[in-house]
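Q: For reference, the chains in residue letters:
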Amino acid sequence: MKIIHCADIHLDSRMSANLTREKARERRTELLTTFRKMVEYGAAHEVDAILIAGDLFDTKNVSATARNVVKDLIVGHPGIEFYYLQGNHDEGSFTGGLSQIPENLHLFDSKWTSFPLGKKVCITGVELNPENSGSVYNTLSLDADLVNIVVLHGQESEYSAKDKAEVIHLTALKNKGIDYLALGHIHGYKKERLDGRGVYCYPGCLEGRGFDECGEHGFVELSVDEAAGTVESRFVPFASRNLYTIPVDITGCVSTMEILERMKEETDAGNYPEKSLVKYELTGKVDVESEKETDFLLHQFSSRFYFVKIKDSSKYLVDYASFAKDVSLKGEFIRTVMGREDLSEEDKAAVIHYGLQALAGEEILDA
Amino acid sequence: MKLIRCHIENFGKLSDFTYDFSEGCNTICEENGWGKSTLASFLRVMLYGFRNEGKRDPLENERKRYAPWQKGVYGGELQFESDGKVYSVRRIFGNKAAEDEFQLTDARTHLPSSDFSQKLGEELFQIDGGSFERTIFISQNDCETFVTDGINAKIGNLAENTDDINNFETADKRLNDLLNSMSPSRKTGLLRQRKDRITELKTQIRNGQEIQNTMESIDARKKAAIEEREKLSAELTELQERQKKLGIYKDQQAKKEKYLDLRAKMAERQQTLKEAENYFNGVIPKGEELREKTAVCNQGISVRKAMEIYCLTEKEQAQLKDNFPMADNVRLEEKYAEAQELESLESATRKNALSGEESRRLEELSGYFAEGMPQEAEIDSVKNAWTNRNEGKSLLQAKEIQRKTLQSIQAQEDARCLREQEEAGKRKKILLLFGILLSLGGFVVILLGQGLIGGVLIVLGIAAVAAALLFTAGRSKVQTGENTELSYLEQEMEELEAQVRIEEGQIEDFCTRWGLREGLELTSWLVELQNKRRDYEALLERQKQDGSDEKIARIAALQKDLQQFFAEYGEVPETQNYLAALHELAGKCRQRQLLQEKQKKYLQQKQKYEAIEEQVKDYLMSLQLIPEEHPEEQLAELESHRKDYEKELQELWRSEQEIRAFEVKEDIPALLALKAPEGEESLESLADEMQVLSERMEECFQTIDSYQKQLSDLQESWDNVENMQEELKALQEKTEEGFKQYELLGMTKNLLEQAKSSFTAKYTEPVMQGFRKYYRILTGTECENYQMDANTRLQVIEGNMPRDIGYLSLGNRDLIGICMRLALVEAMYEEQKPFLILDDPFVNLDENRTKGAMRFLTEIAKEYQVIYFTCHGSRE
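If you read the protein sequences in the order shown, they are chains S and Y. Note that UniProt numbering numbers the first sequence so that position 92 is 92, with each residue one more than the last. Note that UniProt numbering numbers the second sequence so that position 355 is 355, with each residue one more than the last.
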């Protein structure tokens, strides 16, 4: 038996933090398309069930398109059982708008609900809220002879936290007979052992939406051997685009062209696909008299990837010794700045950089 | 460094002008308009080039201003000394800088030198043109000075460091501009604009919060609508349940009614069956038997009808009773054959009998052909012979004409041949003689030893003899041919005449034998003879056929036999038409035979009918019925009742089966015990209620949908608010960063100025000392009211307040400026002193100060080479 475990798809996500309005709209469409492709993948690979461990939608007010596409996909694949556990983002957003719940859509509520699947598999889940989060662990009862898949949405934690609905108390779930704890909430793939019998797994989101969701994204495909009572799982990368943060240490670079070369080296080494969304993070220390133009750098990579962003986190390095006895306005200026005890080292470096850029006739501000 | 010599080719009004400079003070005292300022400018231009080349005004644009008045080469030469070496620089100016020529040579070797470039002034004095004009070059009415970056750089020994104090003013200006562009207070300032945008966004977001409230309100209403929909759905489910129950009751009720109805119908059937049974007198006829008897009865009806058909009429019975002798068919057939033969014989006799005319004709022809009769072929042969004879005659006539013609031609030809033979005989003889002679000649020539010629002559001679002989032979041959043709013709004619004679002999024999009368044409006679022959043969044949004795005897025998036959029946036919009489007799016999057969059949049918009638009567009796007159009707009625009875019996059985099946299928006791549900609702009323609920649910759906749409619209607006929130957040971050940058930039500006002041302060005091020295020389008094700030700006203390020297009088400003320039030059050039160019700088000084100025000149000429221009002897 095959089962897909996915979560945190966040359909209708705005995704406008980094992207233009047009690209954000395009990414929203891509997100919905990837979900459709995942369901079609399930149909093509004869998957029996799809577990959605929360946050299928990003908002309570689901767009008509997203709602209809999801409903039509569920209705259009009667051979697949959909188990949908609502998360903290999509509470009532989807089912409230349906006049009739499709027969192959199974919903959970604030009490443990179990659905038998096949002969030996039992899918159990509960939607956590402030009222039940403390008590659900005591009321979970599973048949040890079955293959038990438990679905929850929340932040993993080894310790319970009072009144925090979204915290999953992993310790309390140990030795309960769980074979596979299908979780949602964390947006990156994570799989760890729960106890001697089972594992817990976050599949991560289906598509990365911001640079806090870098790397590969997709879903988890479970293979359940009902006879042996075992569950094997593997991560299936499925995102149409991935996001990458490329750190570039520009220490020692004295010009924009040198920084560009350094960025190219890092880019080539990573072999990132053209459809990626890339953020370069410039780090390290550059000489206070060095020149760097981030607009120029951004322009050099804008046609290479779907989206490019540069964050300059580099610092200026001032060689005080070389100016200590310099009889010049520069020397005098640097000594004057360094003599200001009210300024932080970072501010001093910035002031010195501005002053030297001004004297050199260069752009005073980097961007 | 010092000037040694200058030569002007053409520069302004000066042309071909040379001046040799000496050490110390070089005073050039000339009247106004001589060209002193032009010369001073020439010196400056030779070092730094023209000023204001981009200006259109010729007075401001020096290249135009100093263009030669008298044309010619524009430029000149300047010889100077620097670091112990003497150089000569030559510049020729074009209409623009690109056309300028520059040449630097070592004055001693006259070889080109690369120690200095075209930027001679900057390289020589290490200051730019502006700084040069603020220090070394003191022009008329421009004595005031201020410290430029170049001066500062030169004083600070940073003239060669391009990104340092010499760029301070630019850097300061750029920082200032940047601060202004970022200003949080100016309207055009970036930070001010961002602050304004933040305020605007905050206001919009604050207003947008209302959207969230509205959304929550609508969401609550939507949830209420969903609850309402679910409640209605539950009610509908309950109604459906009730409808289902009521439906079940209705079904059961219908079944109960059906069961009772079935039972009632069965009772009714039983009654009907009993009534049907009562018709019969205890014995219910079996269907098959009844059908059999009915068939028998029907057969009886048919038999009775046949009896009626075969029953003889009285007349027929009378006919049967007389003693008419029956002739059998064989005999009748025999008599038929006889009658037919008789009729045939009589008919033939009637047909072949000759008429009187024919008998006469036969008699005549018998006489004519008494000797015999010619055969048909014989007559035809005579006809052919006659035709051949006529054709032969005609041919003979034609050939006779041809013979005569040939005979005439022959006579003519013979005469001509005779003539030709005579002439030919002569020619032949000559030719023969010539040939012989030629041959003989040939022999003679051979004998004479001319073999070849002799041979030729012999050949020619033989040829001539041969030709003579051949000619004779040809002529004889022609003559023979013509004679042959004529003889052939005559032979043919003879043969033809013989043939004609044979034909005529044959015809003559035939005519003689059969008596051709004289004057009768042969052909017509032959046709007539042929016709006679044919008539005679036909008549003989008919005579042969007609009335032989055997035939007559046979006719009489047949007539007798037939008359005897008919006599047996007493009906001898008068007309002797035996065939018709036989027909009639045969008819009578057949009629009698038919009557007999009819009679026989009638008796058979009667017997059969009586048997049937008995059988039916017995059957009816067995059914306890009295047979009636028409048993078939009785049987039909019986069958009808039996069918009715059977049908009723079948219906009853069917009813019983139906009831049994119903009882097996349904719980009869429960059905009989069925009670109506409580309440008075009907399916219709329930359907109405459900309809109302469905409509309300539909309304609910529409309401939810409407809320959903409103929420979607509001979500879009809220998305905008969220966009604004994101923009606000990003803007706040950028603004915060901007403020930080603004603060740091402000600090940069201050610290840079501070550094500059601090840096320049180090050489302020030496400059001030120089100023005081030159002030004392020039004025004879100590300088007490002047001070210099950190930016090397001279200030005058008036009323205990430092003031800008711009407040002083023009004369004082010139005086201070001259002193300051000298002080700066002194600070700038500690080692190699430059030359000084003073273009009448003391013009604004009063008399006392002018004297001081002269002292000043004397004093500075000790250290510097001075080129001093003046127009007045008092200042000389």
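Be a bit skeptical, because a hint or two may be false.
[Unchecked claim] Straight-line C-alpha distance at most 30 Å; calculated DSS-like pairs for lysine-lysine: (1) Y/K173 - Y/K13; (2) S/K279 - S/K190; (3) S/K264 - Y/K734; (4) S/K285 - Y/K740; (5) S/K60 - Y/K173; (6) Y/K223 - S/K60; (7) S/K285 - Y/K734; (8) Y/K643 - Y/K202; (9) S/K325 - S/K315; (10) Y/K231 - Y/K250; (11) S/K279 - Y/K734; (12) Y/K729 - S/K285; (13) S/K120 - S/K176; (14) S/K325 - Y/K231; (15) S/K23 - Y/K13.
[Stated by the list, open to error] Per label pair, the in silico range of CB-to-CB distance: (16) Y/D142 - S/G252: 50 to 60 Å; (17) S/D225 - Y/R696: 31 to 41 Å; (18) S/G252 - Y/K202: 55 to 65 Å; (19) S/E346 - Y/K202: 24 to 34 Å; (20) Y/E235 - S/P130: 47 to 57 Å; (21) S/E281 - Y/S717: 29 to 39 Å; (22) Y/E235 - S/P102: 48 to 58 Å.
Because the hints were derived from the structure by calculation, they are not lab data. Just so you know, even glycine gets a beta-carbon here, dropped at the ideal spot from N, CA and C.
Q: Any hints from earlier that this structure breaks? Give me their numbers in increasing order, please.
A: Per hint list: 1, 5, 8, 14, 15, 17, 18, 20, 22 violated.
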